[in-house]
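4 protein chains.
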Amino acid sequence: MSSPEAARRALAARVAEVASRGAAAHQEEFGQLAARLARRGVDVEALLARLASLRIAVPSWALGTGGTRFGRFPEAGEPATLFQKIDDVAALDALTGANGEVSLHIPWDEPGDVAAARQYLEASGVACGPINSNTFQDGARPNDPRASWKFGSVSNAFEEARARAVDHNLHVVDLGARLGSRALTVWLPDGSNHPGQHDFRGALDRTIDSLRRVHEALPPGWSMYTEHKPFEPAFYSSVNPDWGASLLVARELGENCRCLVDLGHHLPNANIEQVVAMLLRERRLGGFHFNDSSYGDDDLTAGSIRPYRLFLVCCELAAGEADGLVDDHPLDLMIDASHNIKDPMEDILQSTEAILLAHAQAFLVDRAALRAAQSANDAALAQEILQDGFRTDARPLLREARRRKGAALEPLRAFREIGYRAEAAARRGHARATGL
Amino acid sequence: MSSPEAARRALAARVAEVASRGAAAHQEEFGQLAARLARRGVDVEALLARLASLRIAVPSWALGTGGTRFGRFPEAGEPATLFQKIDDVAALDALTGANGEVSLHIPWDEPGDVAAARQYLEASGVACGPINSNTFQDGARPNDPRASWKFGSVSNAFEEARARAVDHNLHVVDLGARLGSRALTVWLPDGSNHPGQHDFRGALDRTIDSLRRVHEALPPGWSMYTEHKPFEPAFYSSVNPDWGASLLVARELGENCRCLVDLGHHLPNANIEQVVAMLLRERRLGGFHFNDSSYGDDDLTAGSIRPYRLFLVCCELAAGEADGLVDDHPLDLMIDASHNIKDPMEDILQSTEAILLAHAQAFLVDRAALRAAQSANDAALAQEILQDGFRTDARPLLREARRRKGAALEPLRAFREIGYRAEAAARRGHARATGL
Amino acid sequence: MSSPEAARRALAARVAEVASRGAAAHQEEFGQLAARLARRGVDVEALLARLASLRIAVPSWALGTGGTRFGRFPEAGEPATLFQKIDDVAALDALTGANGEVSLHIPWDEPGDVAAARQYLEASGVACGPINSNTFQDGARPNDPRASWKFGSVSNAFEEARARAVDHNLHVVDLGARLGSRALTVWLPDGSNHPGQHDFRGALDRTIDSLRRVHEALPPGWSMYTEHKPFEPAFYSSVNPDWGASLLVARELGENCRCLVDLGHHLPNANIEQVVAMLLRERRLGGFHFNDSSYGDDDLTAGSIRPYRLFLVCCELAAGEADGLVDDHPLDLMIDASHNIKDPMEDILQSTEAILLAHAQAFLVDRAALRAAQSANDAALAQEILQDGFRTDARPLLREARRRKGAALEPLRAFREIGYRAEAAARRGHARATGL
Amino acid sequence: MSSPEAARRALAARVAEVASRGAAAHQEEFGQLAARLARRGVDVEALLARLASLRIAVPSWALGTGGTRFGRFPEAGEPATLFQKIDDVAALDALTGANGEVSLHIPWDEPGDVAAARQYLEASGVACGPINSNTFQDGARPNDPRASWKFGSVSNAFEEARARAVDHNLHVVDLGARLGSRALTVWLPDGSNHPGQHDFRGALDRTIDSLRRVHEALPPGWSMYTEHKPFEPAFYSSVNPDWGASLLVARELGENCRCLVDLGHHLPNANIEQVVAMLLRERRLGGFHFNDSSYGDDDLTAGSIRPYRLFLVCCELAAGEADGLVDDHPLDLMIDASHNIKDPMEDILQSTEAILLAHAQAFLVDRAALRAAQSANDAALAQEILQDGFRTDARPLLREARRRKGAALEPLRAFREIGYRAEAAARRGHARATGL
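Protein chains in written order, with my numbering: chain A, 1 to 436; chain B, 1 to 436; chain C, 1 to 436; chain D, 1 to 436.
By construction, these hints were calculated from the structure, which means they are not laboratory data. Just so you know, not all the hints are guaranteed correct.
[To be verified] Listed next, the in silico SDA-like pairs over lysine to any residue satisfying Cα-Cα at most 25 angstroms (straight line):
| # | chain 1 | residue 1 | chain 2 | residue 2 |
| --- | --- | --- | --- | --- |
| 1 | C | Lys405 | C | Val114 |
| 2 | B | Lys405 | B | Gly100 |
| 3 | A | Lys405 | C | Ser53 |
| 4 | B | Lys405 | B | Glu17 |
| 5 | B | Lys405 | B | Arg146 |
| 6 | B | Lys405 | D | Ser3 |
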């Protein structure tokens, strides 16, 4: 097997070869768009630089085919080891120039040899983004009623179960620190399945009490993210159901705790962009899990259902950035979409493209004109201004940013052309379908 | 016209006459229930006393037939004046023994002569509950773009419109103080109808800035309630969309501001009882607007769609009371349901019955056993305990509490039997249908 | 006052003058896009012709500022008469080249002199689209319990109320026939506000029985549209709540009855594009009411909240057209969005633009490639193909189609530049705000 | 091991022993209720007989602890074999007198020896209710792209996958016939996860074509049930998303196909009782899967979240029965709730109790009075009549019906007292937690 460095070079060469074929058509279309934008006063180079700086972290768990409670149908060539996952992230980054960060999940990504894992990350050019704890499964003592997380982890009525959940989080922080991460994402399965099961206030008290012990143990420079979700796996109540609860928890925990927004974790019809604005106002927005959703789900490709909402969220981010609200804490942008039927890497490529596109369109919005329309109560004009950004075909900008990094013009097409999956399948074989 | 006192006496006599007919059957059924409850250790007399102490305020605006944007079909005999509204509230209280408080709405209930209004209230035995400001209509300067509330009141981008909204609220507080009220309810129409119209953060800043001036002017002993609502009349965003925002606003305004929960003001599937628990935990729950809702509406009879949810909310109130979380501020319980097709007073009688029934059932829950089940993670048993309260037919308790007050055993039936509406129609005539 | 013909000529001249200023920039951008599309095999001229043939009917009721049950804030210059409404439609058509059809609403648009109204329509170049009956208000006998529509119209338990509703619909058909319309749209307010009020089956039986009498009286060549809506003004049940009921009713009524889809009349998360596909499959799709919606509302500007959904609906229409499913009945495309805070004509211009844009993007989808991807279960590629259509900035195509008709390049901007509203305000004055 | 017959007798004796302790208190309470009901004209004996005739089928898959995609935490003593599942159903029936029917799921319950399975069912006094096919998992050829059900079963674009799905259903029908079942329930996982993946009309065509082959092969006297669900496991569209589609499919398949309503398979805010009424009107209602739901889930204990809705559904069933709409096809009443955190049998006992209670309350509704109120447009009175049924504590009726059958007065309490689970755990051991 070749070294990660050699693999990177080989991959880059193949990506460059594919890219060269579309270069002429791209240059013409980009040139036309750049000229139009320049005439409207857009600083195209600054825009390209900002786009080039965006980094969309890849969730390790989305590198394999997702599943539902009804079954899972994996593809050939999915990664089986942490090293293989890192390989896939490096390949994604070679294609997009924007995916050079992985978000690990413990215990799924528990490295046997931490130093070797860190070395492999570095050799692969992959940074270790926010790291995730997992208290929704319980490999250790599932059948011990006092210690199991069946009835919750940090909120459990049983002290022993809570202590184990705190310990697990402390372990994840320790691991993350050794791997170069700077943040812990705490998504909790805790909640109740029917009225009466939970004493709502008591469960929230216990949750805060448990997480405080984790927050106090954060290494210097670290952040902790609370992630709200109204339901699933608990189907009647969650201990952290919405942004209001998430903010409440973050404030009680302390200044290094911020709120993470997963686009799929909201009630029907929720105005998520306003939630983002309010968390920005409170300077407690930590980052995102990007995905899309049609019903109560949270794993569809980002931008595949409601691309305009994704754009509106990015508009709030651009506004918050312009107003200095993220100066002291750059946002962590992560994908959290684990698709059941697409090639997992293709799904990540499509999510990444949608997220970058929404950012580009948001950057194209004439913010000064928008503020003026808002101040004049000119609703129709304000809408025109936003829609003008959204309706602009900003794809040539993304291609140009990628071209300058040596990445692919069309990442999904390139992924297919270079035959990455077929090669991986030949090397890695086929995982078993589950739910059989 | 007879004096309010004489009218009260006459009404009470008619109600008592009707009640006497069903007394024997009631006594038998109540006796059987009381015996069963006593065997289970329930202190029936204490329970009756607690039930008798509940006061459900009547919203003045619900005394006339409600409407939709499509039309309104009023009944004969609806009240046209503030005095007539007070008469109706006194009549409701004569029937239920629980409705001796009115919640006024300004400018709809603007009294010409404040002293006379207060005197009439007192003579009628009707207390002045929380008073409501109204900045969603604008009789003063609707066509003046700088001053109109078309684009919002306390959040408006135009300073003059905001100033008028603050002034209106100050006027309402002053009026309420002279009428004996102790609380201002601020429900805001402010929001936006499409993406881009509002600068979310700016609108919230202006809202808080405006309301702070109202909060600072509250008389001693007064409270101010912020009332969240996700949408309507604004259909894309509201400045106070949910409990998280409401709590945020209340905290920024100061210690006399609390959150009011309207059961109809939540997104689909929201767990309202948990919201109530969280506001209790923060000691910021101020009171309720009771109604029910099937879709995005907020005007159906309390308990007519989801009576179990009403019960669960009351369980949280009972728990909060038991835990001392409302000691420093008794909750204001109000109806806010303005029915389009029922006789308005009949609708209030049905709402009142449902609210009292839910409280009675919540009081019947064995809280010690529930806590024990919760502490043991015994979800099935916890459910049994709650359901046992809900499944108990607690109506005999309500009847007994009313009987002891000289109110009706069956308020709705008595309302029909005494012919209140027909008599009112004869005196008051018929309002015009609108939307024609 | 000038004749309609003279007014049209004058307006056209002003629009042309404004358009001439942006002509050069447009030609460059259009030329670049046309070249790119041609290289991909798109027949640009055929596409322009198809776009030019689209006609988006204007609802007469949306020419004035909409309201909520909380109030209404009209603008200066709104039309007060049927003739003024026709003037506004003619002006919209001068700007867009796509709005030359009005959808009337009776009794709101009841013409005193039908022949004069028809003459004015023809002189104005405005066609009479589907005509709407209104049984949700009741100007005739609102206080007569046996005849009023308070408890429903065609489904009412009282025979007299039903008979009046049938008569009203027959009158509307007669009127429409004399004005040149070819279709009746029946949106019903009928439903119930709480459990128990309606015998669901009986109410549906009566509805079908009533509407059958209308269907039987349709003139030759006419269609009748049933329009489903889950709630409002009835808040617990509607007699025609969803597409399933609408199809059931249409089939029982007969072959000239089809279903009309209003985008705002669905439960949260409904997959509307699939509903459209199923109605197309049954050859029972009649047409659309276009708008957008965030919560339970139905009056936001088309494409302002979920433009991708609008595109997906248009993709189904394009597919149905390609498969010959609308050959025997061209779809009626109408706006039904009555905005509360925008200039009503500006809102219609924005809706029209969004609808045309979505159609253009749908026409750009490579349907042969899409079918191939679907047949290969290649979900990622299928998504790429759809998104490529949506992400293309098709606005130059719309501008070119307008340019060739002598309409405006940028209708909203032109509307402001020609000063239409200010002039109308000077002539027409200011309507009263309501809900005061 | 004892024979099923001996086990039944032993269990019955233990249940009877427990029941005897509460007999006196029950008799007093029942007597009081019966006297009150008799005074109101209720034929208590007829009511008891109707209640005693209700049979609530137990789903075999709910006898083990349910799971989410995040994990599963089984209990000790869960059944591992078909015989053990039948034992559990027999035990449930011994406790409730209403659960003597099992609904099997193939391949999960594939019997090695069909004759032995049938014999065991008969010896256990357990009938074989509707049998379920499963095409959402794929143990046979998951990795064969042309044959796998990854992209759908009966709707799959690939012919081979469809043929396998048809064959599986034919096998299930054959198996069911040999086990004494009379109905096949077809719940389909088929759908799409993102726009573009499915040709909606083509997928529906293929679905109907495949199922027609199953329908044609039904043995005499058999029914086939189509079960709609808006989403999950497909998260953008389902081939049978709602009752409208389900009815459309059932009609195209033929007269032996009816629609099955699962209470958890509806969009937010759907009026399920109206759906039931409409299917009854069309004489196409086949049966139910009872459960409850807070969000987008479908596995909570029946009646645990919205007991009033369960009651309203039962009111429609009672009305349909009274109107002769189920004469030619008695409804199949099944539980489909697979709880994650309760003892599975306790959960079924709670669901059964809630379903029976809702039926009893529905039977108590004075239908003649309700019809009269509906015919008079007396909405308030109609509500009173329904609520009177719901607010009545009908539990003594259920206990009496059970007492007369020798079942338990309080099934859940009795289940705990007789120590069934502990004994099963001792015999059966502990299943592995999954998702680890």
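Hints, verified against the model:
no.: 1; hint: Lys405/C <-> Val114/C; verdict: violated (30 angstroms)
no.: 2; hint: Lys405/B <-> Gly100/B; verdict: holds (12 angstroms)
no.: 3; hint: Lys405/A <-> Ser53/C; verdict: violated (45 angstroms)
no.: 4; hint: Lys405/B <-> Glu17/B; verdict: holds (14 angstroms)
no.: 5; hint: Lys405/B <-> Arg146/B; verdict: violated (54 angstroms)
no.: 6; hint: Lys405/B <-> Ser3/D; verdict: violated (64 angstroms)
Hint compliance for this structure: hints 1, 3, 5, 6 are broken, all remaining hints hold.
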